[in-house]
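J.: Work out the full structure, taking the sequences as your base and the hints as a guide.
These are the residues of each chain, in order.
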Amino acid sequence: MNSKLRLSDTDLIISIKTNKNLNSAIAFIYEAHFEYLSSLITNNSGSEQDAQDILQEVMVDFIRVVQSGKFREESSVKTFLHSMTRNCWLNELKKRNSAEKRDKVFERNRLQDDNSNETYEQRESKKKLLEVFNTLGDGCKKILTLFYFESLSIKEIVEQTNYENEQVVRNKKHKCFKTLVALVKNNVAIIETLKANSI
Amino acid sequence: MTYDFNANIDLLEQYIDGTVNDEERKLVEQLLNNNAELREAYEYMNMAVTSVKLSALHRQVGNIAAAYKTGKNSSTTTQDQPAKVRSIGFYAMRVAAVLAVVLASYTAIQYATITPDKLYTSAFEAYNLSATRSASKGTDIEQSYKMGNWNAVLSAISNESGQKEKFLGGVSALYLDKFDVAADYFNQVIDANKTLTEKPYTQESEFYLALALIKLQNYDAAKSIIHKIKANPDHTYYNQVKKISTIRTALLSFKK
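Protein sequence lines correspond, in order, to chains A and B. Under my numbering, the letters of the first sequence match residues 19 to 217, in that order. Under my numbering, the letters of the second sequence match residues 105 to 360, in that order.
I should point out that these hints are in silico values taken from the structure, not numbers from a laboratory. The model shown is predicted, which means the values in this text are computed figures rather than measured ones. Every residue gets a Cβ at the ideal spot worked out from N, C-alpha and C, and that includes glycine. One or more hints might be untrue.
Going by beta-carbon spacing under 8 angstroms, a handful of chain A positions derived as facing chain B [as the list claims (entries may be wrong)]:
#1 52
#2 150
#3 192
Selected chain A positions facing chain B (in silico; Cβ < 10 angstroms) [as the list claims (entries may be wrong)]:
#4 40
#5 41
#6 45
#7 75
#8 82
#9 156
#10 159
#11 170
#12 178
#13 179
#14 196
#15 198
#16 200
#17 201
T.: Okay, here's the thing in structure tokens:
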């Protein structure tokens, strides 16, 4: 993919915040910053696959930080992503229980930015949250995604799926949501960490 | 409203969904202020919504990352090709000899290293549907495609599906390494358009059909399409197809 779009930091943030051309915005971040961010990992004990995994995670977090209005624009997007990548990779190394490597990584030029400093526990909680969602059946995943992520109305969901009418979709969505809430509720570890950190 | 936990739970869901009226909204906010049990339920619901959004965003970023990776491989392959030596002067014969050696070496290296996978990867370009948030979000198939749910796209296609759906089915099949299925869908699109003035998705189908045929090792058919596209600068995929070296495609034929 080759995005022709060139965005200033301000335009990029607006694009993410308003959810307009989000795909292009993400593609632009990859093109503009992937190589640099990737090198932070591959130059510090990480493989290329590590870099891809970590940067996917960083990208999701960055979008969520921007969309929740927590990106203060006091630093550039590149600096912020650098900080997020560093923290995420440090957490990963921590998980791998490699204290020696961790101590050697990023010893100099440590940046301070509270918004980018996600804890190991928060990161694990989010992974757990993804796992919980993935235990749902495909039908439930689809209907909940269309409703809560794509922001489609019940009527629009009827038009785009094979469900008979709005009432069927409404009932199905309600049932799926109830199941998901119960799954979340049953996972005490998630609840406690999320309550403490509000990701 | 008398306190009925289950009824309030339903109301809470509607509150989260943004489908309550002003009166109900005030009631819910009042209940949340005064009832710890309901407040806790509200937190669980918000986490559930977070899990949906996180998961979808993860998939969306993953698809773009994969497309970026494909594009990067493509440009790397192009840059890796040796530069042509063009200077000819007093030592023309020697230069010509060097050129011959370089060409022979290049051909030998290409012959030794070229595979259908490499050729395919160097030319593949992710096909992205428009991501605009209009009132109409597209068909079920388009939604599944946008979400990278390739199996769902294939399951939803029927004989009655239109050219766009069948084209998306072809691309989805490529992602699933079902190259024969992909080629079948692209051929269906091209055939269906033969008698039409407007030919929706014909050019797109031609390009991806050529890629599918490379993977299927049907190099003659692939070359024929590649030549056709290269002969038409107005073709949507003209620039992309220029990346597919005729020499490399021919070498694959020899290796077969």
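J.: Hints the structure violates: just list their numbers, smallest first.
T.: Per hint list: zero violations.
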